[in-house]
Every structure is written in C-alpha cells, then in structure tokens.
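Asks: Here is what each chain is made of, one letter per residue.
Number of protein chains: 4
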Amino acid sequence: MTTHLDVRRDHACLIVHGPDRSGIVAAVTALVARNEGNIVTLDQYSDNPEGGEFFQRVVFHRPDLQAALPAIEADLDETLGPLGLEWRITDQSIPKRMAILASTSDHCLLELLWRHRRGELPVTIPMVISNHTNTAEDVRSFGIPFFHVPSQGPDKSAAEAKIVELLKGNVDFVVLARYMQILSDSFLDEVGVPVINIHHSFLPAFIGAAPYRKAKERGVKLIGATSHYVTEDLDEGPIIEQDVARVTHAMTAGDLQARGAYVERAVLSRAVQWHAEDRVIRHGNHTIVFT
Amino acid sequence: MTTHLDVRRDHACLIVHGPDRSGIVAAVTALVARNEGNIVTLDQYSDNPEGGEFFQRVVFHRPDLQAALPAIEADLDETLGPLGLEWRITDQSIPKRMAILASTSDHCLLELLWRHRRGELPVTIPMVISNHTNTAEDVRSFGIPFFHVPSQGPDKSAAEAKIVELLKGNVDFVVLARYMQILSDSFLDEVGVPVINIHHSFLPAFIGAAPYRKAKERGVKLIGATSHYVTEDLDEGPIIEQDVARVTHAMTAGDLQARGAYVERAVLSRAVQWHAEDRVIRHGNHTIVFT
Amino acid sequence: MTTHLDVRRDHACLIVHGPDRSGIVAAVTALVARNEGNIVTLDQYSDNPEGGEFFQRVVFHRPDLQAALPAIEADLDETLGPLGLEWRITDQSIPKRMAILASTSDHCLLELLWRHRRGELPVTIPMVISNHTNTAEDVRSFGIPFFHVPSQGPDKSAAEAKIVELLKGNVDFVVLARYMQILSDSFLDEVGVPVINIHHSFLPAFIGAAPYRKAKERGVKLIGATSHYVTEDLDEGPIIEQDVARVTHAMTAGDLQARGAYVERAVLSRAVQWHAEDRVIRHGNHTIVFT
Amino acid sequence: MTTHLDVRRDHACLIVHGPDRSGIVAAVTALVARNEGNIVTLDQYSDNPEGGEFFQRVVFHRPDLQAALPAIEADLDETLGPLGLEWRITDQSIPKRMAILASTSDHCLLELLWRHRRGELPVTIPMVISNHTNTAEDVRSFGIPFFHVPSQGPDKSAAEAKIVELLKGNVDFVVLARYMQILSDSFLDEVGVPVINIHHSFLPAFIGAAPYRKAKERGVKLIGATSHYVTEDLDEGPIIEQDVARVTHAMTAGDLQARGAYVERAVLSRAVQWHAEDRVIRHGNHTIVFT
Chain W
1 MTTHLDVRRD HACLIVHGPD RSGIVAAVTA LVARNEGNIV TLDQYSDNPE GGEFFQRVVF
61 HRPDLQAALP AIEADLDETL GPLGLEWRIT DQSIPKRMAI LASTSDHCLL ELLWRHRRGE
121 LPVTIPMVIS NHTNTAEDVR SFGIPFFHVP SQGPDKSAAE AKIVELLKGN VDFVVLARYM
181 QILSDSFLDE VGVPVINIHH SFLPAFIGAA PYRKAKERGV KLIGATSHYV TEDLDEGPII
241 EQDVARVTHA MTAGDLQARG AYVERAVLSR AVQWHAEDRV IRHGNHTIVF T
Chain P
1 MTTHLDVRRD HACLIVHGPD RSGIVAAVTA LVARNEGNIV TLDQYSDNPE GGEFFQRVVF
61 HRPDLQAALP AIEADLDETL GPLGLEWRIT DQSIPKRMAI LASTSDHCLL ELLWRHRRGE
121 LPVTIPMVIS NHTNTAEDVR SFGIPFFHVP SQGPDKSAAE AKIVELLKGN VDFVVLARYM
181 QILSDSFLDE VGVPVINIHH SFLPAFIGAA PYRKAKERGV KLIGATSHYV TEDLDEGPII
241 EQDVARVTHA MTAGDLQARG AYVERAVLSR AVQWHAEDRV IRHGNHTIVF T
Chain X
1 MTTHLDVRRD HACLIVHGPD RSGIVAAVTA LVARNEGNIV TLDQYSDNPE GGEFFQRVVF
61 HRPDLQAALP AIEADLDETL GPLGLEWRIT DQSIPKRMAI LASTSDHCLL ELLWRHRRGE
121 LPVTIPMVIS NHTNTAEDVR SFGIPFFHVP SQGPDKSAAE AKIVELLKGN VDFVVLARYM
181 QILSDSFLDE VGVPVINIHH SFLPAFIGAA PYRKAKERGV KLIGATSHYV TEDLDEGPII
241 EQDVARVTHA MTAGDLQARG AYVERAVLSR AVQWHAEDRV IRHGNHTIVF T
Chain V
1 MTTHLDVRRD HACLIVHGPD RSGIVAAVTA LVARNEGNIV TLDQYSDNPE GGEFFQRVVF
61 HRPDLQAALP AIEADLDETL GPLGLEWRIT DQSIPKRMAI LASTSDHCLL ELLWRHRRGE
121 LPVTIPMVIS NHTNTAEDVR SFGIPFFHVP SQGPDKSAAE AKIVELLKGN VDFVVLARYM
181 QILSDSFLDE VGVPVINIHH SFLPAFIGAA PYRKAKERGV KLIGATSHYV TEDLDEGPII
241 EQDVARVTHA MTAGDLQARG AYVERAVLSR AVQWHAEDRV IRHGNHTIVF T
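Chains as they are written, first to last, in full-length UniProt numbering: chain W, 1 to 291; chain P, 1 to 291; chain X, 1 to 291; chain V, 1 to 291.
The set of hints was computed from the structure by calculation and includes no laboratory data. Wrong hints could be hidden among the right ones.
Same chains, same names: a pair is fine if it fits in one copy or spans any two.
Stated by the list, open to error - Below are the SDA-like pairs computed for lysine to any residue, each with C-alpha atoms no more than 25 Å apart in a straight line: (1) LYS214 / PHE55; (2) LYS96 / ASP255; (3) LYS162 / SER186; (4) LYS168 / GLY18; (5) LYS214 / TYR229; (6) LYS214 / ASP235; (7) LYS214 / GLU36; (8) LYS214 / GLU236; (9) LYS162 / ALA266; (10) LYS168 / SER186; (11) LYS214 / PRO126.
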C-alpha cells in the first residue's frame, strides 16, 4: 500500500516563527534554494504586518535529505538567528510516535487505528493505554500493543506514574481519545510532549462534565466537538479543530451523545492528522493551522 | 405574484399541547375529519410517552374555513378540554403583523424586507423602528413605514415608552434585527407579544457584548449565530435556530463580524419564518420546532 | 447494552400508501386507537392534496403487540381496503436481516459492522459476502460469518448463482458496500429483496465508472456520494440519501477518493439505518424518507 | 466606512504561472525583497512537482507602489522571462470594473449590489444591463446606472450588439446574474473580458435549462449552484465555486427554486469576490483558487 510516508521521502517541513519584518520570506526561500530544495508548499501568516508575529511553514523536496540536514540546520541557525526567528525542521519520512489513552468508549480510538491502517495518519502507534479492558482485543487486532492501567480508588497517582513510565521517551505526542480520567497538573511536565484532547462540546460552550446533558437542558439546535492541546486549565487549551451537527427537540441527551460521537471522531482525526503533519503552530492560547 | 398566503387560503393551523395520553392523535384527527377538514401536515412530539408533555401541529384544509371556525373552536373546547389539553387555531391566510427594531446594521433588516417582498414570509410589516436614521430610505423603498426613535442619554425610558406606544395593539410579534439597545424588564410585559432576537454567537458561548472579539480571543474555528425568544434573562431565552460558519486563524475580529453577518441574517430569517408559520412551540426554556 | 431493539419492544410501524382523499389520517389514527395503540410518531406526505398519492408512516406502542397483530391486520384490511390503500405493518422489535456484499474496500463495510455492534442499526447480519478475502478476518472479529465467492473470468454467472443461493430466503435486504462487480439483470428478481447501493459520486453527476477521476477532470469544487435502491438501470435507481465534501484544486484524484470514502460511509450508513427503520417508501423512481 | 480598497493601498498582487522547476519561489520572493516589498500572503501550487505547471499568487506591501511599479515590471520581465514564466501584476487599490447582466430575477443582482455597498467587493459597478425593467428602480437606488436592452423576437443580434457597445472598453469583467438570454459565440470575443456565470445546479448534473425541474424529477436529496467562467460550451466552462443545500421529497420544483436562490447568490458572490481579488487562475478547463 502506498502511504503518506512513502510519498514524503526526502521531504522536509520547516516551521519558522518570530517577530515579523520585511524580507523573511525571501530569506527563507533563498536558504531553501541554495540548499538545493524545491518548495512544494509554503504558507505564512502574520498577525500584524507592522510589528506582529510571523509564522511560516515550508515543505520542500531535497534529494538525499538526511545527508543534507546537518548543513541545512547550520544554515538556518546562521540565517534566522540574527533575525530573532525560531525554527524547527523535520524529515517528513520519519513518522511521529503517537500514544493513545482511552477509556470504555471506542469510537475515537478505533477511528484513529483504522485511519492509521489505511495509511492516512503519518504516525506510528507504539501503544494504546486504557483504564478499561473492553477495547483490548480490537486494539491488538490492529497489531498495536495494548496496556491496561486501572485507576480505581481516590488516589490516581500510582496509575498516572505507571502511564508516565510507559510513555516517557517512547512517544512524540499523546492523544486522549475520550480518556475519562483527570490528569494531574504535573502529568504534562513529566510526559514532556504535546497532549491532544477531544472535548465533546463546541467550546467554550459546556465546559466540564456532561456536555450533552447540558446541551439538552439548554435546548441548543447544534451540538459540537472540540479538539485542543491540553494545558493546565481544563478545556481551556489552544483549539485545533471544531465541528458541529444539527440536532432537534426530539432527541434525548442519549441521542445527542450518539450523534456527537461521529462529530468527535472526525474532529479528533483531523486534529491528529494536522498535528502529525506539522501543520499546527501553537502561539499562546491560539493555534495557526495551515491546512 | 403567487405568495404563501394565496396558497394558504382555507388552511387552518391547530396547535395542541398538554399531558400525553393514549388516543390524543385519534381524538384530534377525528375532530378535524368530522369538521370536514383534510389534514395536509401533521407533526407531533412527546417528551416522554409515559407521563410526558405532548405537542402537536396540524395543518388542514377546510373549504369556507372562516365560516366554519366558530363551530370548530367549540368542538375543540368540548373535545380537548376534558383531556386537559391547551389549543390554539389560526387561519393561515391571515398573516401575522411583524414589527422590526433595528439600529445601524442593515444586514438582518434588509434580508427580512427582501424575503417579505419575495412572498417568502407570511407576514405584514406595519413598521420598522430604529434608533438611527441610516436605513430609513432603504426601508421606505420597500413601501414599509419607518419610525425614528432616538435613544440618547442615560435614561432610555422615554424612548422605550415611545416604542411601546407604536407597537401596542398593532403587531403580533416583534423582531430585534441587531437592535443594539437593552430593553427594560417591563418592555416584554407592556408589549405583550413574542419578541425574537438574533444574538451574534453560538449560544451559550460568548453571552453578552462583543462576541466576535471574544471568539477571536478564544481562538475558535467556527463562529455562530443564535435566534431566540427574548425573556428577562439576557441571551438565555428559548433557542429557535442556530448555525455556524468556518473561520481561520488568519481572520481578524472584524473579518469574523463580516462573515458572521451572513450567518446572522440566515438564522434570523429561518426563525422568523418558522414563528410566522406557527411552527415553533415554546415550552419552558425550550422550543419544539416542526419544520 | 441498551439497543434500539430493546427500546422498540411492542412498537409497530405501519406504512400506508395510496390515492389521497379526505379522512385517511382520521381513519388510520382511529384504527390505532381502537386497537389500543398509542401513537409515538406520525408522518404523512401527499404529493398533491387534490388527487395525488398519499404516504403515511405511523409508529405506535401497543402492549402485547405480537398477540394483537392478527386482529390489527384484519382491521387494516377491512378499513383501508375499501379506501384503495395499501399497507404493511412490522413489529419493530424484530430486526431485519441484512447481508453485505463487499470487495477489497473496507470503509463502508467496517462502518456498518461497527455501527451494528454499537446497537445503532436495528438489523441482524447473517453474512458478509466478498469476491476478495482481505476483509475476512475483520468481519469475523465482529462475530459475523464471511463467505468468499470469487468472481474471476468473463462468465460471472456461476459466482452470482452462488451468491443468490447464499442469500435466498436468508435475508430481508442486501447492501452493496462498494461491491465492484456488475450484477446481472436477473439478480434482483432472483434475490427478491431490496438491494441498496452506494455510488461514489453526487448522482446524476458522474454516472458509471471512475467518478473521482471524472470529478478531477471536470474540476468540481465538491465531491459527493449517493445511496440508492438498485434497479435494472445502472445508477438510476431511487435515491435514498446524498452528501458532499469540499475539495480543492490541489487535491489529486487519489485525494478525492480518500476524502470521498468518509462521505460514502456516512451516506450509506444513514440510508441503511432509514431503510432498516422502515423510514423509506419507494414510489416510482423517488423515495419518501420520513426522518 | 473602511473598505477593502483603503486597506489595500500600496498592495500589489502578482500572479506567476508556467512550467515548474526548482527555485521559482526563491526567485520571486527575492525579486519582491529587492524591490522593497513585504510579502503579506503567498500561495503556490504545482500540479506535478516533476515537470508540471506552477501557479503562484503573491500579495506584497510596497510603499509608493504606483511609482515603483514600472521598475518592478521591468524586473519581472528580466527575471521570469528566462524561466519561461508568465506573470501579471495588479495594484490592489485599483478596483476592477464589473458589469452585471440580469433578467427578471433579482436575488443574485441585489446581493452583489448590497455586498458592494458594504465594501466587501473590491470593484466599481459602472452599469447593470437587463432585458427587463423590473429591477431598474432597485438598481438605481444603489446609485448604479441601469440600462434596459430588450431582446424580443428571434433575432437577438441587435440586442447583443447594443450590449457589446455598452460594455466595450468600460469594464474589466462581466457577471451574468441569472441572465436568461443565450449569448452568441462571438460575444466573448467581442467583449474581450472574462464573463462569470451562475448556473442553478451542481454541475455537471442538470446541464442546460430547467435544472430544478430536472432535480425534482430525479429525486435528488441536495440541490446546488455552480459559478463558472463562460466559454463557448454551454455550462462547460472552468468552475470557480459550488455549493449545495439539503432538500426533501416534500418540496416541489418551485420550493427547490426558492431554496436554490439562496445557494446561487452565495456561490456567485464568492466567485465574484475571488475573481475581483485576483484569487482565481484559469488553466485549461480548471481553476486554481487561492482562498
């Protein structure tokens, strides 16, 4: 099967970020050219052309990319450093390592595994961790390791330590696919990689628990889902993607939940794909998403 | 031009509401049949088949409806009263009288006037009232009376009294088409007819002032609009209709506002049409909308 | 797990169809009432109130439905026969038996199996038949029998006879979930049950083979999918459901196909669910869909 | 009122098009930089990185643009000519001159005039031409000249000659806003500017006359609209934008037409805006649209 990753051999993705000024685009594109790269896509955004922040994503093809990367990185340091710009460059043929944390619900989890098997997500999945066992067989049928870390009782710290131990050093980002346990403030620091969550409402509406019940009580005519980076503030992290579905007065809270599951899996899948493809840049509590 | 109202000659709309029990639908349809009506559409909803609330909307054709209405109403009283059901019946060839209150923004106002001229809104529009004059010429070009009621200074009571005087007895419902003045608690009571508002966000997100600015600050990926009945609690009334549009990181708060205007006018137009066609039933803080 | 079918115990779905005339709704609802049924939902449609066709779907709750059905059916015969109306009644607690025919693509197939496992499709699935074996393990992991019927060579009649043999008498409808073999004209007659197909375009655009390639060549800005009943005319049967997704100039025909897969599985799933819930009435080359 | 055009002072839009090769982006961005421009947005697309066609749109800010343009154009000639690239550059503060041709329907016409008045379309509108007079008063209330060119009888050539005479040299593009007369093959040549049409179906479905009637007959579940450049082949020109709306079995062909009007005006407005902003590049029978 042809996958994204085959297609991406010898493709680099360069992210540049810093204070906007005249000539940045020219400096970057000249750098790519003199390093024998051919630009495939280029997106940039400035939140204010006069004195704002500048963000750029460049994908370029460069034969023998791996051999050339050290020289390109040295050039980037020399060229962009004096302009006060931060940068990172990735070899697009190297998939990011993604862990999934799940609970009993399988809709987001299986959707990610299935899209991955179709070659649509440029990641590897070294593990799925769940505090339940009901999805173990399904996960393993995809050839993915499944770890059960139960989290009963009031003290979740042992379970969380176990999860950190599994993840640490082994993954490049973590996806909470309707993982229903609250993670401690220190979890993010200890894991040290981005964590993406799916919240089952159109944030900032219905923050917190039981959003479908709250949606029914308020009588909304659309329900939604929001995928965002996890920060220390619950449901307040930078939003990556959102979407909605139409509902009616005749639907119960349970119906909203069933309908919402399809919005959740689509929204989370898009967010994960964009993150994996380095299309998302975090900036404060916002995201720049180059789709 | 053929309008909705020509089509609706001799059509009655019957709304029934009350405690659910077996046999209501049969009782109502038998009543329509023995009064020589032919049912055109019938919708019903029960929020709980065992002991819940029952809502029904029946449109039927009855030749010489006007002459027959008193007898039909007597029959309704006699038949539905003992079942504890409330009802109202309207002759669909008699348009509701709708007043529009506006400020400087013209997008919702002109959309309603234009849809009305096309024959798509089964209403008459006896007046548009604004606290500004910029839309006067446009409104009058549609043949609609325009009244300017300025509302300067801290005391809005005189202006509001003037508005109530214009509306009272002359209209069946009022539409706030981006009317930017806060109405007092007593306004609803004094006017005595339903008031429909358009809020420029996907409620309950971004309640109150400046929702587009708040949406930009939160970094949402969709903006929305909500049309609802006005109650004493700001932005908390029963929602009639909502919709959204996709936005990106590259859009300013001003861009969101410009894009949002198209969502607002569509959402408000649908809500107004459904209300005018007796498709919306209020129940507590919810609406049942039979579309 | 609570499924649709548990909820539907003692619920009957009655479909009535025939020439429109005054009093049908009253006659039907009176019949339900005198047979001790309580109407849960009622939809009807007339394509012309004066001399057109009338279509009605009534779901009612009736304790001890199974015992009462013979009497209800006799009453229907006696009451609706003289009005020239056809009817059929089903016990909603008895799931329809659905066979799936598939080829190598798994997206529509797995979506149906997964929704079925969630309890969202009120069917049983006695078999999946494929002319390939790649999905066998996945299908069986859902506990569903898988039959491989290869169809090589120019003469497909033996393979088709094998399929008919498997289906005949064992299923209530058949779903072609991206089944890539042309079925003969006699297949429909021999199988004797409705067959639902998913076509990977927004019909009637791009009839026939390779619709994504044709869509790319024409430069459309939206792609679509269409689920329809199979008739003898290829891609010309009554449409049940359609939907679209936005695409751009930058997408290849392969990208359109990948994006389109998500539209296909959603459209087919909705069509299957509506058919299984007796929400779809065929009338000539049209469908009436009571959602 | 702040308009698009105020915002665009000293902004140039450069379109580059030709055979793809390594280094084009660097060459263009270096050119912009050495001419003291600051890139605001940059989009590019290659239909095949190895030997395909390359398309680029660059908007850059350059103080005193008008004075600098001749030097920039000379530089473009010298730099891009040897690479076999075509280019055009426009001063974004100079609005394109747009004529609108209309018939009796007003929905597309008024939408364009109203968006123009809001400052959302960067054009001037020197004239509206119609073969009917019903919209004359509305058009003139926007301060736009209205010309009535009747087209009765079998020979339309005199009317068409009159239209060409009005347009020739006076406009940069022409919009057919539901103009119901067939234009001759020579019209495009004689007018010599792009002509944009709105077709009231989701092309290529329902080419030609009466698409809503055809849509009703086929029983589709979505209707659409398509805006495209006019070529000599009816309804076959390059598509700029499309969209759809959901419909049901209960809607008549007239209902589809009324619902469709809202899709048409939205689709045409987006197409016109993108054309006016130089976001659309024609390439054979396709468009590249940089939104």
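Asks: So, for every hint listed, does it hold in this structure?
Replies: Structure-based check of each hint:
1. LYS214 / PHE55: between (38 Å within a copy, 23 Å between copies)
2. LYS96 / ASP255: between (36 Å within a copy, 22 Å between copies)
3. LYS162 / SER186: within (14 Å within a copy, 60 Å between copies)
4. LYS168 / GLY18: neither (30 Å within a copy, 49 Å between copies)
5. LYS214 / TYR229: both (23 Å within a copy, 19 Å between copies)
6. LYS214 / ASP235: Both: 15 Å inside a chain and 16 Å across chains, each within 25 Å.
7. LYS214 / GLU36: neither (56 Å within a copy, 36 Å between copies)
8. LYS214 / GLU236: both (18 Å within a copy, 14 Å between copies)
9. LYS162 / ALA266: Neither: 30 Å inside a copy, 38 Å across copies.
10. LYS168 / SER186: within (13 Å within a copy, 61 Å between copies)
11. LYS214 / PRO126: Neither: 36 Å inside a copy, 39 Å across copies.
Checked against the numbered hints given earlier, the structure breaks hints 4, 7, 9, 11 and satisfies all the rest.
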